[in-house]
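Q: As given, the protein sequences belong to chains A and B, one line each in that order. For the first sequence, position 296 (counting from the first letter as 1) is numbered 296 according to our numbering, and the numbering increases by one without interruption. For the second sequence, position 303 (counting from the first letter as 1) is numbered 303 according to our numbering, and the numbering increases by one without interruption.
Each hint should be verified, as a subset may be incorrect.
Distance condition first, Cα-Cα at most 25 Å in a straight line; then the derived DMTMM-like pairs of lysine to aspartate or glutamate [to be verified]:
id : chain 1 : residue 1 : chain 2 : residue 2
1  : B       : 225       : A       : 343
2  : B       : 225       : A       : 370
3  : B       : 130       : A       : 343
4  : A       : 341       : B       : 213
5  : A       : 361       : B       : 279
6  : B       : 130       : A       : 303
7  : A       : 22        : A       : 166
8  : A       : 361       : B       : 213
9  : A       : 317       : A       : 331
10 : A       : 341       : B       : 279
Ranges between beta-carbon positions, derived for each pair [to be verified]:
id : chain 1 : residue 1 : chain 2 : residue 2 : range
11 : A       : 330       : B       : 258       : 44 to 50 Å
12 : B       : 30        : A       : 439       : 52 to 58 Å
13 : A       : 58        : B       : 200       : 44 to 50 Å
14 : A       : 67        : B       : 309       : 56 to 62 Å
15 : A       : 364       : B       : 259       : 38 to 44 Å
16 : A       : 393       : B       : 315       : 32 to 38 Å
17 : A       : 106       : B       : 151       : 55 to 61 Å
So, partial list: chain A residues that the calculated Cβ filter (under 7 Å) puts toward chain B [said to hold, decoys possible]:
id : residue
18 : 325
19 : 326
20 : 361
21 : 369
What the hints contain is simulated information worked out from the structure, not anything from laboratory work. Note that CB positions come from ideal geometry on N, CA and C, so glycine has one too.
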Amino acid sequence: MTDPIIQISSVHKSFGPVKALKGVSMKVHPGTVHALIGENGAGKSTLMKILSGALKADKGKIEVNGEVYTPESPLDGRKAGISMIYQELNLAPHLSIEKNVTLGMEKNSWGWVHSQGTQVEAILSELGQGELSADLLIRDLSIGKQQVVEIARALLFDAQVVVMDEPTSSLSAADTRTLFQVINRLKKKGVAVIYISHFLEEIQEIADHYTILRDGETVASGSMEDIPIEEIIFHMVGREVSELYPTSKHTLGEVILRGEDIQGAAGYPNEVDLELRKGEILGIAGLVGSGRSETVRMLFGLDKAQKGTLQLKSGSKRSIQYQNPQKAIGEGINLLSENRKEEGLALNLSLLHNLTLPVLKNYQKRGILDLKSEHQQGQMWLDELRVKAHNAHQRADSLSGGNQQKVCIARLLHADSEILILDEPTRGIDIGSKSEIYRLILRLAGNGKAIIMVSSYLPELFGICDSLSIMHKGYMSPKRPISEWTEVEVMHYATSGEQRT
Amino acid sequence: MTNKVVPAEKSHSRIVKALSGLGPLLGLIFVFVLFGVLSPSAFASFYNIKTILTQSVIVGIAALGMTFVIISEGIDLSVGSMIALGTVVIAMILNLGEPTTALIVLAALGGILACGIMGWLNGFLIAQFKIVPFIVTLGTMQIARGIAKWIAREQTISAPITPLNDLMLVDPTPAWLVFAPGIWIGLLLLGVSILLLVRTVFGRHVYAIGSNEQTARLCGVKVNKRKIQIYTLCGILTGIAALMQYANLTVGDPTAAVGLELDIIAAVVIGGASLSGGEGSATGSLIGALIMAVLRNGCNMLGVPNYVQEIIIGSIIVGAVLVDQLKHRVKK
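Work out the full structure, taking the sequences as your base and the hints as a guide.
A: Set out below in structure tokens:
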């Protein structure tokens, strides 16, 4: 085996009294994909920030190409050939691919920029994306292609190590495939890729080596071939997740919601019918952009429908165009947004104020809020969902992703909604929190709530849903009990819109 | 996992929180002590304190209204022009007939109503047509000023002497009031604003819209309706500030309060509100207004030329925002 390009030895880092890293070691070889695995808060991000030069280690040593590496800034990291690609892409949407790729490194004479279009296109075709023209604007590209542009930027300054933080969390299955092809080309070029992801199946497919962090320490590392997924999970959580998807018996009751002929702008969704029973967990699968989110957002009134009808348990059939969130919440429908940070939470407000926002009027007495009972109730829900927080007055942005998601779910429960629409409820959260959320969803169904769960992650749909529909280009497949679907059939419908018999 | 807390940590974070909330107040104490030391006899006299308080009333009351707007991640540049419009409307109504109590009350309400309507217009344009508040109020700033000049025929409008002129007297006529009636009205409005912001659904919605409008929508807040209410409320409070301005001027002046919107916005920002929304308090904004009044007054006492005052106040605005930024960085 070649010499490692990066060798991290017992790195420590504390933030005040909190020890984020307590002796992390890791070796990365050129031309390989190295998975960095761990629950949220295990120290992955801190380690990568130290590697990129954004943070300084308290103790320990990092060597790059056998030389001691002590970056003072991210610029030093870049000069040493280490390039970061964050979950939230750093691109200027109004500028072209070329301008983005060369941003900050434009070749120029006396300030006059030379075109580097051909060079940029060469890099793109090296990544297998030869059809992309350097003149295209970033905002016209899919998120998957935007990611390729970020990678191209890394290659323009001869990155030897590319760190990808949750690169596939917002990608469709097709874009993920493209990304994997790009990663394989990077490997062939001798570039080392450090790959951070919560999707263990993906890691198993793409990575050659792994390092698992738990509570700021390296707990395991080795070759990916030798380790089954159960063992990875065991190392991550330090305990066996005996039942990631617990089974629970719950009975389906009467139909509580019926939507017919729901039609959105530009055919997303297109003539969608759906039906939900009390106690049912209905999964909606499909690629990103297939109209899944639009459909459920129309049920809640956040997106405007063109036509269609909606019928709730007690009520009569009515037109869906006039649905709005106030009305929906009043009727016992509530929605968990897929964009926790952009839409789900008011990040600079307290947990409590986020939690009680939809049902504030319950605490109103003669126009004045009863802050004490609000606090009691809010605290009760935070405890109930085991949100890890100091107190209810803490700002929402001080929590980890998994705990933020629990606050969002607590909000739905506090509003006491009968119909819960969960749009990607486990996106970007660690496996421990995921498992808690699955249990919670099942318990809610057991208590007679009706749940619609939109997800891009098939194993979880198969793990907890009673029935499943799939969307493809705005159309929705008929609903079938989960036992009548296979993962292959679901992927087939999601990608082609055809049902195999 | 429980959410048991290490007591030391909790009290620590409480102290930090309390101190960061006290920032504007500490600033006020600092400038006050500073001028007290530099110019002891004249500055710290009771009469001068009463003067400073009176001088801060107009900006202070308007800043209360602006607080709602800025917390909701908006801005209102039209308030200076609204104040001018308000004084003109008051003077014109007073000229309608014998200055009976009814007419005086009508004049005061008329001025407030005129500003309220302008505020409603701002809110309507912002909410209904999704135009950014900066542009809408940049436009209505010109429109309100234009209307004021138009109905006043580009002249100041003199009006009969009425009790309205006494609202801002440093030594009020019933001596037992001690402070000018305007100060008492300002304090009352402060109480109302605090109550609205902290203890009502409306206040919560103001913060929620400013912190994240999408979240507010997701949680069923009627965002458009609330925005119209917020700008209307700002207009009404500005109208009360216009009444105080009229009391100072004793005439309706369509060219009054030019650029005053900037002082009002500055007071809110110095008081700890964030222009990116979701943060701010009524008390803070009033303290911001006081800091500026103390600075102006103190500088005048010391004979510091006007241009130096402007430089100092400008530096304080930038400094206040800088401190706020640093505070946030420390938190992260």
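Q: Each hint needs a verdict: does it hold in this structure or not?
A: Going through the hints against the structure:
Restraint check for residue 225 of chain B and residue 343 of chain A: the C-alpha separation of about 20 Å stays at or below 25 Å, so the hint holds. Between residue 225 of chain B and residue 370 of chain A the CA atoms are separated by roughly 24 Å; this keeps the pair inside 25 Å, and the hint holds. About 18 Å separates the Cα atoms of residue 130 of chain B and residue 343 of chain A, which keeps this hinted pair within 25 Å; it holds. A hinted pair counts as satisfied when its Cα atoms are at most 25 Å apart, and residue 341 of chain A with residue 213 of chain B qualifies at roughly 12 Å.
Restraint check for residue 361 of chain A and residue 279 of chain B: satisfied, since their Cα atoms lie roughly 22 Å apart, inside the 25 Å limit. About 17 Å separates the Cα atoms of residue 130 of chain B and residue 303 of chain A, which keeps this hinted pair within 25 Å; it holds. This hinted pair checks out: residue 22 of chain A and residue 166 of chain A have alpha carbons roughly 23 Å apart, not beyond 25 Å. Between residue 361 of chain A and residue 213 of chain B the alpha-carbon distance is near 19 Å, which keeps this suggested pair within the 25 Å criterion.
Between residue 317 of chain A and residue 331 of chain A the CA atoms are separated by roughly 14 Å; this keeps the pair inside 25 Å, and the hint holds. Taking the CA atoms of residue 341 of chain A and residue 279 of chain B, the gap is about 18 Å. The hint holds against a cut of 25 Å. Between residue 330 of chain A and residue 258 of chain B the Cβ separation comes to about 47 Å, which falls inside the hinted range of 44 to 50 Å. About 55 Å separates the C-beta atoms of residue 30 of chain B and residue 439 of chain A, a value consistent with the hinted range of 52 to 58 Å.
Roughly 48 Å separates the CB atoms of residue 58 of chain A and residue 200 of chain B, a value that falls within the hinted 44 to 50 Å. At roughly 58 Å, the beta-carbon separation of residue 67 of chain A and residue 309 of chain B lies within the given 56 to 62 Å, and the hint holds. Taking 38 to 44 Å as the suggested C-beta distance range, the pair residue 364 of chain A and residue 259 of chain B conforms, at roughly 40 Å. Range check, residue 393 of chain A to residue 315 of chain B: about 33 Å between beta-carbon atoms, so the 32 to 38 Å window is met.
About 56 Å separates the C-beta atoms of residue 106 of chain A and residue 151 of chain B, a value consistent with the hinted range of 55 to 61 Å. Evaluation of the residue 325 of chain A hint against chain B yields a held restraint, the C-beta minimum of about 4 Å falling below 7 Å. With a least beta-carbon distance of about 4 Å to chain B, the hint placing residue 326 of chain A at the interface is held under the 7 Å criterion. Satisfaction of the interface hint for residue 361 of chain A is found here, the shortest Cβ-Cβ separation to chain B being roughly 6 Å, below the 7 Å cut-off.
Contact between residue 369 of chain A and chain B, as hinted, is supported at the beta carbon level, the nearest pair being about 5 Å apart and thus within 7 Å.
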